[in-house]
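A.B. asks: The hints should help you fit chain B onto chain A, whose structure is shown.
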Amino acid sequence: MNGANGIVFDDVSKFYGDVLGVNRVQLSIPPGITTLVGPNGSGKTTLMNLMTGLVRPSRGSVRVLGIPPSDPERLFAVTGYCTQFDAFPRGLTGYEFIYLHLRLHAMGHARAAELTARALERVTMTAPAGYRIASYSKGMRQRIKLAQAIAHQPSVLVLDEPLNGLDPMARAEAIALFRALAAEGLHVIISSHILHEVDQISDQVVMLSNGYVVAEGQIQAVRGEMHQEHPLQILVRCTQPGLLAARLFSEDHVAEVRMHHDRGGLLVSTRDPESFYELLGKMVLEDAIHLESVAPADEDVHSVYEYLIGGGGGAA
Amino acid sequence: MTPAVRLWCAQIAAIVRLELKKNFSFRRALPLYLLAAMPLLVFVSHAIGYARGWTNCHGTEDLTVFAGVFQLFVLRLVVFFGCVVIFLNLFRGEVVQKSLHYYFLAPVRRDLLVVGKYLSGLIIAVAVFGASVALSYFILCRHLAATASAELAGPALHHLGSYVGVTVLACAGYGAVFLLLGMLFRNPIVPAIAVLVWESLIVFFPPLLKKISVIFYLESLCPVRVPFEGPGALFAITANPTPAYLAVPGLMLLAVLIVTVAAVRIHRLEINYGAE
Chain A
1 MNGANGIVFD DVSKFYGDVL GVNRVQLSIP PGITTLVGPN GSGKTTLMNL
51 MTGLVRPSRG SVRVLGIPPS DPERLFAVTG YCTQFDAFPR GLTGYEFIYL
101 HLRLHAMGHA RAAELTARAL ERVTMTAPAG YRIASYSKGM RQRIKLAQAI
151 AHQPSVLVLD EPLNGLDPMA RAEAIALFRA LAAEGLHVII SSHILHEVDQ
201 ISDQVVMLSN GYVVAEGQIQ AVRGEMHQEH PLQILVRCTQ PGLLAARLFS
251 EDHVAEVRMH HDRGGLLVST RDPESFYELL GKMVLEDAIH LESVAPADED
301 VHSVYEYLIG GGGGAA
Chain B
1 MTPAVRLWCA QIAAIVRLEL KKNFSFRRAL PLYLLAAMPL LVFVSHAIGY
51 ARGWTNCHGT EDLTVFAGVF QLFVLRLVVF FGCVVIFLNL FRGEVVQKSL
101 HYYFLAPVRR DLLVVGKYLS GLIIAVAVFG ASVALSYFIL CRHLAATASA
151 ELAGPALHHL GSYVGVTVLA CAGYGAVFLL LGMLFRNPIV PAIAVLVWES
201 LIVFFPPLLK KISVIFYLES LCPVRVPFEG PGALFAITAN PTPAYLAVPG
251 LMLLAVLIVT VAAVRIHRLE INYGAE
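Here the protein sequences line up with chains A and B, keeping their order.
The numbers in the working numbering rise by one with no breaks, and the one at position 294 of the first sequence is 294.
The numbers in the working numbering rise by one with no breaks, and the one at position 16 of the second sequence is 16.
A short, non-exhaustive set of chain B residues, derived as facing chain A with CB atoms under 7 Å: (1) Ala10; (2) Ser99; (3) His101; (4) Val108; (5) Arg109.
Derived pair list, reagent style PhoX-like, types lysine-lysine, alpha-carbon separation capped at 25 Å: (6) A/Lys138 with B/Lys98; (7) B/Lys98 with B/Lys21; (8) B/Lys21 with A/Lys138.
Because the hints were derived from the structure by calculation, they are not lab data.
Fair warning: this is a prediction, and the values are worked out from it, not measured in the lab.
All C-beta atoms, glycine included, are put in the ideal place defined by N, C-alpha and C.
Chain A extracted, bound-state conformation (with noise of 0.2 Å):
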């Protein structure tokens, strides 16, 4: 990828004393939207405050759009990040909260109240803006971190665990605005436990571990690499579930086979789905198999996440 028009790190460690954050590095980060998934103290965060200069890499470089993170007064023309510091700016409301800091890009009275108007109501957050943030919700307060991000109409959003403190309506919101913003173009970087919504919102996941990266790349191209070692469950409903599995039990590629407790399926774990797929359309032609359905049972984030990084994932 183009380092101007992407996120890249090359080779990027950092160390917090002997504490390692994240170690070597290299990723390249394209448009639309990526969620970096990993446990507590895998380094999510430690990347994003790298990308937006808020630590320094030990060694290696990062490049946001081609801009360096140690010049402040273009990356952040172009970069908006929520972070999940729920502090705020002492004794400010949440209009003065985002159009002062709008004013911060040297933007007159007018267009900072202008862009301050659309950024609220965008998280709907236009009715509270004039009360302190002192007396806000969390999930306000969330929204209102959120609408201050995005308000100088950034190129690249960095969030910090967005949905930390949102109900499920305003969590449905949140996701329809990411998709929103990422439909338009935008660099959308996401950190998020809750990995059910990862799997509905991610372009491409970028998982992490202790510090390393382990994985990149839109969901099922990893999920790909990992048939040999972790083959790919796939269930299968069907009119005839013995015949199929007498005929699969026979294929190399087919590591197990187990019938569906109630005798209408079979679950299979395939190291190779492509010799499945066509295996199985010519029984549904040859042996007259009439399917139901076909779905991979763990091609999501959550396997994914439990086969690379082990368990504890799926919580939040």
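C.D. replies: Relative to the frame of chain A, chain B by itself:
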């Protein structure tokens, strides 16, 4: 003015506006206002006491007393601790509240951030302590006019500018020192106390060492020399005073130098609230 300079000026103005809004509302800055009101209280009480006949006063010693109070109390305590409160918190306070990153995530050069924050602190310090000194001296002069030494009141008023000017220089000098300390130290109170001790003990140092202090130059600029006696003599700076044409630019240069060090230093600052 080039577009870049215009941009920087607009950003510095925005930082000052934000800082004043955040930190210097009446309720939040109440301790500062109370501190600034203390010298005012002394001279208002004296004037009221004389007017009501509670005290006897010929007015002859009042100007010297004001100079003593200004040097020993206003400069060494009121302005010093006021600047500790204002300038130490400009960066340290933001780190403690975990809100410094909002500035670091704005399209503003970090050195401009230092300048903007310093100016906001200076504006408030000068406004509060400058007003306190000006008002105190003005009240003293009005009181003088009612005493047997009424003829002193007119000429004395000419010193008003000098006292306010020294106050401004004190805010600029101490402000720069505490701004830097707030950036360098996790617990800046300890180095602030060290500065206080140094500024207090220079009276015992040889003349050359006396010059490595802010208070020496400030006292050199005071319009009235105080003939300290008794315990007050402990604070008499006996070295030859530095002429104003050296002391004023010297203090301003010192402030600029320290703010420049802070502006360089801030580029190495990282946001790591977890380590606090």
